[in-house]
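**Student:** Sequence:
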Amino acid sequence: MNAAPRFEMRGVRKAFGATVALDGVSLAVRPGEVCALVGQNGAGKSTLMAILSGALTPDAGEMRLEGAPYAPRQPLDARRAGVAMIYQELSLAPHLSVSENIVLGVEPVRTGLLGPLGLVRRGAARATASRALEELGRHDIAPDATVGDLSPAQQQLVEIARALASGCRVLVLDEPTSSLAHDDVRKLFELIGRLKRQGQAVVYISHFIEEVKEVSDRFVVLRDGQNAGEGVTAATPAQEIVNLMVGRGVGGLYPRSARRAGEPLLTVDAVSPSEREGFSRASFELHRGEILGIAGLLGAGRTRLLRAIFGLEPVASGRIKLGVFSGAAAPHERWRQGMGMLSEDRGGEGLARGLSVADNLTATRLSGLGPGFLVLPSRQDAAAARWIQRLGIRSAGPRQTVGELSGGNQQKVAVARLLHHDVDVLVLDEPTRGIDVASKAQIYELMDQLVSGSHPKAVLLVSSYLPELLGVCDRIAVMSRGRLGPARPVSEWNEHSLLMEASGARAS
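The numbering of the sequence shown is the numbering used here, which starts it at 1042 and goes up by one.
Certain hints may be false.
Label pairs and their computed distance ranges (CB to CB) [unchecked claim]: (1) P1193 / P1527: 27 to 33 Å; (2) G1411 / D1386: 27 to 33 Å; (3) A1165 / G1395: 36 to 42 Å; (4) V1161 / A1279: 45 to 51 Å; (5) D1386 / A1275: 33 to 39 Å; (6) A1426 / G1208: 45 to 51 Å; (7) G1389 / S1532: 33 to 39 Å; (8) S1321 / A1279: 45 to 51 Å; (9) D1190 / D1386: 17 to 23 Å; (10) Q1267 / A1183: 45 to 51 Å; (11) R1054 / E1536: 31 to 37 Å.
Treat the hints as calculated values from the structure; they're not laboratory data. Every value quoted in this text rests on a predicted model; they were computed, and no experiment measured them. A virtual CB, placed ideally from N, CA and C, is assigned to each residue, including glycine.
Could you build all of it, start to finish, from the sequences and the hints given here?
**Tutor:** Below you can see the structure in the form of structure tokens.
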């Protein structure tokens, strides 16, 4: 591939106070090339792409687009120049139609003798949206449909269509598969191949190395705000890419100490979280000293079941027993009974993004942090500091706002809350979604310690990442279309049989 780069970034620096986020980073991507940008959370990937997309201004360095100087002052400048970024958290107006979202900010307007009249030409807007969707090969998405009624995969396509409609020449995809089902991931990869053939320069950010290997031509690794390495993806072993990200060799990703299943801590007997047709009753036992995984496709009902067990949704029928406590309970009662839950929706309900690390980490258990009902900030900070150190949370300290942390470090704060509360049953819904390999390894090691220590706990794990379930769990049950199958030892499963069971088929 000898074409000149579509865009170049050279010696880019960016600091936030005393924290240096980028220290002389360089990146270039050619037309028709998919370049994977990888690195741990906090390595500088998001900051670098925020600069490329006009959301941040660099302190030093230069950028060029199609050989010409490029210095966007805001995202709209970047978009007009042909640079579009699709964030992990989609930025759509759910109450507007598909066509209204696609032309948002660049609406075709009617003009008069004195210039634009400010009236949108709806026919032209619809035609623009239709062309963009046709370019993506998606005739199944109606331009007049309300975006809020679409699936996550379809909403993501609307974002990409918006980028193409504005004349995009550089497309940045940030963790694009984090909320997609298996079939939708395959369709996205096919779409990326189509965009590549059309001459788009694509930057693909992902923590899934197997995705990087499949979809990218070349990779660039950032570590601690600097270039750590790059290469041709097909010619580089996955372990070598991981080692570049971490800065050292990574041993076994899924540690497994000696475990011994004890008494049942959680019994779920014929529980149905919904009265709607098609949701069967679920039954299982979770024992002290084990990790029980629940596999399944998106929409199978896994999250709804966990939320019902924890008290976030009503239980339509069945019985739940947690330790010596029987029956349904509200979330605050579950905490007192020894159960804590980590939500899959980290930004929406898992954390209070406007509060500090210390406030989030200690929110469910303030006892012992001051005399009586008082909470002393010094004791709260000290408690948070212990978990910050143990989990390797990269922050400026206990008082830093959680919303300022990277996604992986936010997830560690949410996990630390469960540890601070010292619950016996940890209910984890997609605990490693959107975090880097090294942070995943830390969480896996922590889970192993929790179920194999001197006072072992129990972990109920929902994950869409099959290697994760096979690597950390002792038993796995599969949920398909609202039906939870029996939990079987992990030795009886493989990725193929899990996927077959989850899709409603049976492995041969």
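**Student:** So, for every hint listed, does it hold in this structure?
**Tutor:** Consistency of the hints with the structure:
{"no.": "1", "hint": "P1193 / P1527: 27 to 33 Å", "in the structure": "30 Å, holds"}
{"no.": "2", "hint": "G1411 / D1386: 27 to 33 Å", "in the structure": "31 Å, holds"}
{"no.": "3", "hint": "A1165 / G1395: 36 to 42 Å", "in the structure": "40 Å, holds"}
{"no.": "4", "hint": "V1161 / A1279: 45 to 51 Å", "in the structure": "48 Å, holds"}
{"no.": "5", "hint": "D1386 / A1275: 33 to 39 Å", "in the structure": "36 Å, holds"}
{"no.": "6", "hint": "A1426 / G1208: 45 to 51 Å", "in the structure": "49 Å, holds"}
{"no.": "7", "hint": "G1389 / S1532: 33 to 39 Å", "in the structure": "37 Å, holds"}
{"no.": "8", "hint": "S1321 / A1279: 45 to 51 Å", "in the structure": "38 Å, violated"}
{"no.": "9", "hint": "D1190 / D1386: 17 to 23 Å", "in the structure": "19 Å, holds"}
{"no.": "10", "hint": "Q1267 / A1183: 45 to 51 Å", "in the structure": "46 Å, holds"}
{"no.": "11", "hint": "R1054 / E1536: 31 to 37 Å", "in the structure": "43 Å, violated"}
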